[in-house]
Amino acid sequence: MEKFLNEFGIGERGIVKKITAEGKIKRRLFDMGVTPRAEILMRKAAPLGDPIEVNVRGYELTLRKSEAQCVLMEVIK
Amino acid sequence: MMKFALAGNPNCGKTTLFNALTGSTAHVGNWPGVTVDKREGTYKKLEEKVQIVDLPGIYSLSPYTPEEVISRNFILDEHPDCVINIVDATNLERNLYLTTQILEIDVPVVIALNMADVLEKSGDKVDVKSLEEKIGVPVVSISALKGQGIDELMRRGYAAAKKKREGTTVLQKSELFHLIRDVKIALAGQNVPSPLFHAVKLVEGDELEVKAHASAVEMVEAFKKIFSDDTFGDDFEALVADARYAYISDNFAPALRKKSAQALTKSDKADKVLTNRWGGIPIFLVILFAVFHLTFSENFLFLNGFGDGWMPTLEDLGMDTENFGVQLLACVYDGTVFSPGVIINNLWNDIIVGNIFGLITGAVENIGVEWVVGFINDGIFEGLAAVLSFLPQILVLFLFFSILEDSGYMARVAFILDRIFGKFGLSGRAFMPMIMGFGCSIPAMINTRTLADEKERTATVRVIPFFSCGAKLPILTAIAGAIVMQFGLGNADLITFGMYVLGVATAIVAVLVMRNTTMRGEVPPFIMELPAYHLPQFKALMIHLWDKCKHFVKKAFTIILVSTIVIWFVSHFSFNWEFLADEQINESILASLGMFVQPLFTPLGFGSQLQNWGWVFVVAAITGLIAKENVIATFGVLAACILGSALPEDETGVSYVVAMIDATGITVPALIAFIAFNMTTIPCFAAVATAKAELPSKKSFNWTLVFWVVTSYIVASAVYTIGSWWWTLFIWLAAAALVTAGIILFNRRKKAVS
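From first to last, the protein sequence lines stand for chains H and F. The numbering of the first sequence is our numbering, which starts it at 1 and goes up by one. The numbering of the second sequence is our numbering, which starts it at 1001 and goes up by one.
Among the clues, some could well be false.
[Claimed, not checked] Distance windows between CB atoms, simulated:
#, chain 1, residue 1, chain 2, residue 2, range
1, F, E1040, H, G23, 29 to 35 Å
2, F, D1117, H, F4, 38 to 44 Å
3, F, G1279, H, M1, 32 to 38 Å
4, H, G23, F, L1046, 40 to 46 Å
5, F, L1208, H, K77, 41 to 47 Å
6, F, R1181, H, M1, 36 to 42 Å
7, H, M1, F, K1003, 49 to 55 Å
8, F, A1159, H, M1, 53 to 59 Å
9, H, F4, F, L1208, 28 to 34 Å
If you're looking for bench data, these hints aren't it; they were derived computationally from the structure. Don't be surprised by glycine CBs; every beta carbon is placed ideally from N, CA and C.
Here chain H stands alone, though its shape is the one from the complex:
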């Protein structure tokens, strides 16, 4: 099943399929290891619901939901 990273529930896991962002944000995501085929685990949301914290390539990354919306994922069951 495909969905965007911002729609992930806590503890859900998936593989990055595609980055739909452009320019600065796209490059930043790549540089931080959010590239196609990377595995991502949704850790938690901030107390006010945004941003979110995920585990990617063995470290903790935080990003806003608006940025996570640019990351298309394939959910791992």
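Chain F: place on chain H using the hints.
Just chain F now, with coordinates in the frame of chain H:
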């Protein structure tokens, strides 16, 4: 002398390694044109001295942040003899991503594999030998923290530096490799140094490269037309990033065997509590309160409850306050138990600076020439003492915030608060500098360096003074006290609190306006690492504090001192070059200037309507530029001048303000407007000097001064007019609505045009 550059990700132990390499030779400067720290030092344990330059922490050599551009330009243009790439073994995958880019430059590289010992403890192991074979440059396992492996690292780096190295790429298997090779050959033909690096970046469509090597862009564009990948289409940037990560996971898979993502480390457990959905914000508020309480509280253990103190002062106990031991004791307890920050502050100001300056000023008295004594003692030394008096609490506050930063908690604060700040067009990181402003604007402004976006940083530096600092509190309490006493109005604490709220409200409005007009820009992206928590290191903290201390003292003795002397001069000389005693301030150049500009302050309530003595408020505001405490001290001098005799010493300054009210007939709204003016206008010289250093350009600094003057003028006149004639509220609201509508319309049109 050889020159080595130190490059690596943020939070990988780079600063620790730098400190271990350079020891006491390190010094901090700025990279030209940007406010990013440039650390340099010397390594002396080889047959030749080696200069070490610490590049900013980066994740990539992309062209988007100043840190990345600095690092890349340094390696490309300054030709270091060797690049030490520090790699965090506990986070190999992301760290090697940067390595693959550095390797493409024609420069000798040695890899410092840090924290391999930490990894081993958790049962994993990196095979250094095989890593070295695959990557093709020396790899040395080190522990920056324990100082292990550092000499070997430098020996191998030194050996590598003696040989030339041609850039290598990990993109050989990529479909783009042929294109990269062709572009590289073309660039090499034009004698471009490091052709491989430039070729890869050109293929990525990197802005800086496209500008620099326009001729080669056509090749890339032509290739793009015939090329299409199933997954990435013609997004070469994505292809390259993917190829790098693919290479890393394919080749270092055995080395990457790390904890499964489910197992919780200590750091994860701490994070569960500290960024907890319900607990996160309360815990943060408690930590913040603790920091301020430890730094500024004069009622540390709450022994005096929350009202007036019941505990005896040392004098009440019949102790001899001239006795040195008693003076020492008074730094810790005097009718109330002081917090550590206040104790250090007392020791510094009362014992060290007080005594040393006391000795010097005592000796100067012997000179006998009145204006010389006045100039040296009141002009130079009192000015210096005023500035140096900030030092202890600035450093203590800085220490606490450094601990929070180094431990990794600050990143979580940004995480917790980003949502709120996003509404004002700022990122969560902007919170810390702002809240530090309540303590002192100086460390707060320096702290804005953690903000990546230049416009966000400028906007933040500008509003920091509105978060009323410790030195402005005496103005508030003295005037609020006098209002209650003289007009029998309200409650002093309530007025004080109200003024703080007014400051914060001004800051919010100012940020909103700036982010929609001059400082327009997208909310900066918030894609950042949340580093694992770890205990801050004592040595690193001390080095950090020492740098700040040096920086501040240098400022105190140059720009701040000069400004202070100028103010002293104009307040102690008449236009006839006649020296004036303190009480004759009404004949001074400053008073004349005050009278001259007095009419300008009429809308603020302390201008022409006060007639003869109206200038006193203007003059007090000007002396406040040295240090905001001076406003009330000046009131004392002016009161003596008005009454013809000095008032009894009054620590709170309430009686001085009362004397001013009697002499001038100033109204309550005008007094409040005066507080508002002082809170939002140009801060003290020390803060102004810091703002100048932290802002990106001279131009933006000049505009910042204008911004402060204009903002304070508007806020204070609004306070005065609405306070005096309530119906003017509607005029102000209408004006605000008009401006808002104007900005919205302008932005909409601008958007439509672009």
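| Violating hint indices (sorted, rising) | Per hint list: zero violations.
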